[in-house]
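Here's the letter readout for the chains.
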Amino acid sequence: MNSTIAAQLNSLLAALILLTAFALVVQRRMNALLHIFAWQGFLLAVSTAIVGFVGGAHHLYISSILTLSVKVMLLPYILHKLIQKLKIHKEIDSLINIPTTMLIGIVLVIFSYHLTAPIRELSTLVTRSTIAVALATFMLGFLMMITRKHAVTQIIGFLAMENGLLFAATSATYGMPLVVELGVALDLLIAAFIFGMFFFHISTTFDSLDVDQMARLKEED
Amino acid sequence: MVLTPVSIIASSFAVILALLVLTPIVSRNQRLLIIVGFSFTTISSFLATAAGVWTVANGTISQVVIPLGLPDLPFHLRLDVLSGFFLTVVGLLSTFVSLYSIGYVNGFLGRRSITSLVVFYSLFLVGMQLVVLADDALFFLIAWELMAAASYFLVLFEDERVENRRAAFLYLVVAHVGAIAILLSFGIMAGLATGFSGFQSYTFDAMRETELPAGLATAAFLLAFFGFSAKAGVIPLHVWLPEAHPVAPSNISALMSGVMLKTAIYGMVRVIFDLIGVFPWWWGAFVLVFGLVSAVLGVLYALMQSDLKRLLAYSSVENIGIILISIGLCMIFTSFDQSLLAALAMIAALYHSLNHAMFKGLLFMGAGAVLHATHERNMDEMGGLIRFMPWTSSLFLIGCLSISALPPFNGFVSEWITYQAFLLSPALSSPLLNLLIPLGAALLALTSALAAALFVKAFGVTFLGHRRGHHAHDHVHEADWFMRIGMVLTAVTCFGLGVFPTFLINWMDPITEYLVGDTISSSAAGFGWMWLTPISHERASYSAPVVFLGIFAVVAITYLLLHTRSGAIRRAPLWDCGFEKVTNRMQYTATSFSMPLRRIFGFLFSIKEHVRLLPETAHRAFPEQLQYHLRVRDRFWIWIYQPIADASFWVSRRIGRMQHGRIQIYLIYSFVTIIVLLIFSK
Amino acid sequence: MLKEILKNVFTKKKAIPFPEGFDVTPDQAAKIIDFQRKIDTIFHRSLRIRQVDAGSCNACEWECTALMNPIYDLQRFGIDFVASPRHADLLLVTGPVSRQMELALRRTYSAMPEPKLVVACGDCAIDGGIYQGSYAVTDGVGNVIPVDGCIPGCPPTPTAILLGLSRIIHSCTK
Amino acid sequence: MKIHPFLIEVAQVALLLFLAPLFAGWVKMLKCWFQGRTSPSLLQPYRDLSKLFSKDVVLAENASWIFRFTPYLVFGVSVMAGSIIPTLSTDLPLSATADVIVLVALFAIARFFTALAGMDIGTAFGGMGSSREMTIASLAEPAMLMAVFAVSLVGKSTSLSQMTAVISQGGHAMLRPSLVFALLSFILIALAETGRVPVDNPDTHLELTMIHEAMILEYSGRHLALIEWAGMMKLYLFVVLGIASFFPWGIALNDDLLVVFTALAVLVLKLGFVGVGLVLIETGLAKMRIFRITEFLGSAFLFATLGMMSYFMLE
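Residue numbers (the numbering used here), protein chains in the order written: chain U, 20 to 240; chain E, 96 to 777; chain D, 135 to 308; chain R, 20 to 334.
Everything labelled a hint here was simulated from the structure, so no lab data went into it.
The beta carbon of each residue, even a glycine, is placed where N, CA and C say it ideally should be.
Some hints here could point you the wrong way.
[Stated by the list, open to error] Selected chain E positions facing chain D (Cβ under 10 angstroms, derived; list incomplete):
| # | residue |
| --- | --- |
| 1 | Trp-670 |
| 2 | Cys-672 |
| 3 | Arg-726 |
[Said to hold, decoys possible] Covered stretches of chain D, as calculated for chain E (at least 3 residues, CB under 8 angstroms):
| # | segment |
| --- | --- |
| 4 | 217-229 |
| 5 | 234-245 |
[To be verified] Below are the DMTMM-like pairs computed for lysine to aspartate or glutamate, each with C-alpha atoms no more than 20 angstroms apart in a straight line:
| # | chain 1 | residue 1 | chain 2 | residue 2 |
| --- | --- | --- | --- | --- |
| 6 | R | Lys-21 | R | Asp-275 |
| 7 | D | Lys-137 | R | Asp-275 |
| 8 | R | Lys-50 | D | Asp-214 |
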């Protein structure tokens, strides 16, 4: 497979990752969210592998396997268990209605495209065009964390943001050093566990995972 | 007298002058006055059209200096291709409308004297023609004011109703705020031409010569854009349109909406492309954004209306928006030196100006005929008129098809060219614009789709179904022959402009040559007159004649095939699901038709609706009567105009305090003024 | 979801080619198969039914609904229920035509284009059934609009309705 | 002046007229199978049409000329549209008469008059149908145009034949993100425009849930036949439009008759597969609430926009 096809394949994957990012922002049902997140991780892993193949940066294989194992299997599994235990199925409606969120998303994509223009000028890699997508994915994850009320969805948003960062790293410079990525993966795992504990505490305190409830924690009257 | 465009236009003014002289003599016999007056205006407008067509065809520029007006400030007139084009727009529609008026104004006979109507009508025409002819700031503003004042009195024609007086006042205020902005813009340009000391630079020629520094040029542009937008009804300066157009007599609304708004477009094009000339791309983006906002919001507001003429007025806001979109694109292309694409966009803008003049004129004339017949403006009271007014309904339908951009009528051609201009935007060398401009295309698509919905509503609710009101059509009658002729001619023009676009584009070549320095006709008509191929035939092509003939042929064949077969058509009562108590009140009304869109786009309006059960004591399940109240208001009125009005009242109340009615105090005021002046004059 | 659909595709069709185990005898079943040809001759193998409930007890409606299910499956014969009498060829009336429904029934009949058939379905529709003689009913469809055929039974089974339809169309073709 | 292109043109229109009911029958058949039912014959749509043509017409007393004119116009517009979409070959004499924007406008004409006919009689359901149809159309049309714009950016043209030719020569075009997104949004729009589940249910009997059906409740006899035929043609046209813009491989780029015949075979094959996909969607989904359609079409618009962006960003 020569590098042009690889580049095309990579940009296609980038597009699909962007699509999953949007799907995460607008999807309401919890299980569907998990599935989409897993798919995003999978696409990310594939694209990392391709980049590794093209750039001959073989440590990327390891990081792609890492992504596959952590983001596609482990974390979704944990969150799934969590959902099962906490009996969450449909989340409380998000703060902004769906079409508006989509429009904001489009604006974010344009903005990130505008923002990364200089980097595209500098970089010489075949994958440079996907930086904008990576940044957009990051921002969409952030948007998700902002617009959603539910703690679990916020975690997923957080993880999506991390996906965006990883993607940016792979597409801008062929990936970060392996050590860093290992560290990141570990952090994510730990973060997930900690979040899990948090959820239990939140839900036992408020019998709900609606983070609006936390407004009650602030000191008043 | 040698026959030149100038002499023709002069004779057209002469005709009007003769009419003004004649009016007092024949004003005793009102019916005669109608015939004389409007046949004279017809002739004069026709002459103006001829002059315009000729000028554009030859691409000549002829200037005249009239030693009138203030000492050593003579009036300059100039008939170039741009003014020639808009002269054609003004002349053509006013010819048709004048014919129509011979029949329409008869409706006022016996109710009021129409002398003032005739006088101000002719002054209005003169004003509009002079605006496009003027070649110096002073004369331009005089003509502008003449146009504004005449139209003010025309809006005020039926002055016994209070809403007419309010509307006319609002119109006057907005028009003058705009005029002040235009004046300031001219002031800046003239001042930079030759210092602020002398007056010699008030001619447009002087302004053409001068290179403006960027900052002041921007100031001049913004002022001019603001001023002309106030006249054109660009959102948020649109509030006077839906007030003034419905209350004016329908032939006047046709002219105001069809051509008076175009004079503002003329002013913009003249100032931006001719007087200023060079500009950065963000001016274009600015105009484009305003155009998009006006287009989308205009059509959405129109969808919420149930008053036929109000609806048409709001749809004028939409179409002005579409014209501005093309102008904005043209400016962007110009600033990126894409002269060919700029020419394409400019053609789209001018073409749509002409189209909108035609179909909006037609629609207002049709609305006038309906008003004339039913004395009713509220669509919820109408319905089933197609059986009483076959002519009016068919012509109105043609107007609806044209304005909702359906082939083979004219609205589609201009919107199609606009889409082409949008799709060629990737030629620009700015990645951000490449991303953003196609979104504008999407908004334009939304606009035209909503416009189709709007005119299905307008035609369906007005002419189809049964009468929705309480009382039956007893007095409804078809429009008379003059009105029909006026409308038929306009409809034919709509069709012709739709089916033979290449001829018009060839004719308009000198304009784009003059404004942006390039022409598209060589490529546009590259495949002969039947095929419209802007830029290149691989790029896109549209053949209105073939599309029309194709559809027509299939329809005809199918019809013949099916009607040679025996197959009795039986008339039966409508299928009411066997429910015998169906009444006309159960049909969809204008309000209910737009309910889904009102619910989807509701956040753009301030909507108050509540349902009341009658009698109050009734159980919720068994009310004897339901009362449904709906009030949809323009948010801009609440955001912008209400505060301004309140503030001005507050200020005037404060100032009112100074009035004591005692002469000494007034003397003190003036004495203090004199002292202050003396101090400062040292 | 996909699994369900695939199962539907590959399992044996439930519709009755010859209904053993149903309350009709094989020769009647033969009639069902034969039914197809009858429709062909008059209605170009396509029959559209408008069903009117003229004050019935809804038992007949239940049976008509059963006609649409995978077992009886009216549509395989090219028969279908439609939403408007303007689209219909056959008017299937149930119930004893109460006074309230009389006018509605007439209107529905007049709203149908020629050629059209009327079938009274169920004992009530034929002669008023158990409501016969009541002040509130008109004792059968025949007293309101011309009837081309009757399907007895209270309520008639779906198979009976199918056979009845076939019989009526048969009589009409002759 | 060559004769082949005209033959192909005629063949295309003939295909449109006769393949459209067949495709509708195929979809119906698959639907029955997927629901575990015995299906009616594949030719059922022809039978329905021929019966309707032979029946009388019942017109409401107050039906105006618009009501009687609409079926013929809708039929004519559909035929016109069919003659400009490259189905067999891109070398069509009529392909230059109209580009894809005109095509969208042609569908708009048909819709405009159908909506007027719905309001003409003055029943409550007709008005309801028109109002809903125009609402949905006004949301679907921008998305539709965005989708075709995304395709026309790739094809460097808005003329259908040109786009088809460019894309089919482009090679592995399915790797182009912009086309993937455009295809996604086109599918959603086609479902909405042709009135399929989840937007509208083509064979509902309950007036209150109708959108398109509610407008034609008053039609009968040959008028109804023309409208139903035009409806089938619309479905077929959207399918071939999708094929021409996204899977053009197999469509002849010249007027060589042999190639054209292979193109015909390929076309039939593609139609079969599209039918399966359509029925899978229709069987798998339930009809939406009417105000959820905003989100449905909103996402269609989102996909089209993303397609356009990814053309600039990734290609």
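Legend entry - Broken hints, by number: As far as the earlier hints go, 3, 7 are violated by this structure, in ascending order.
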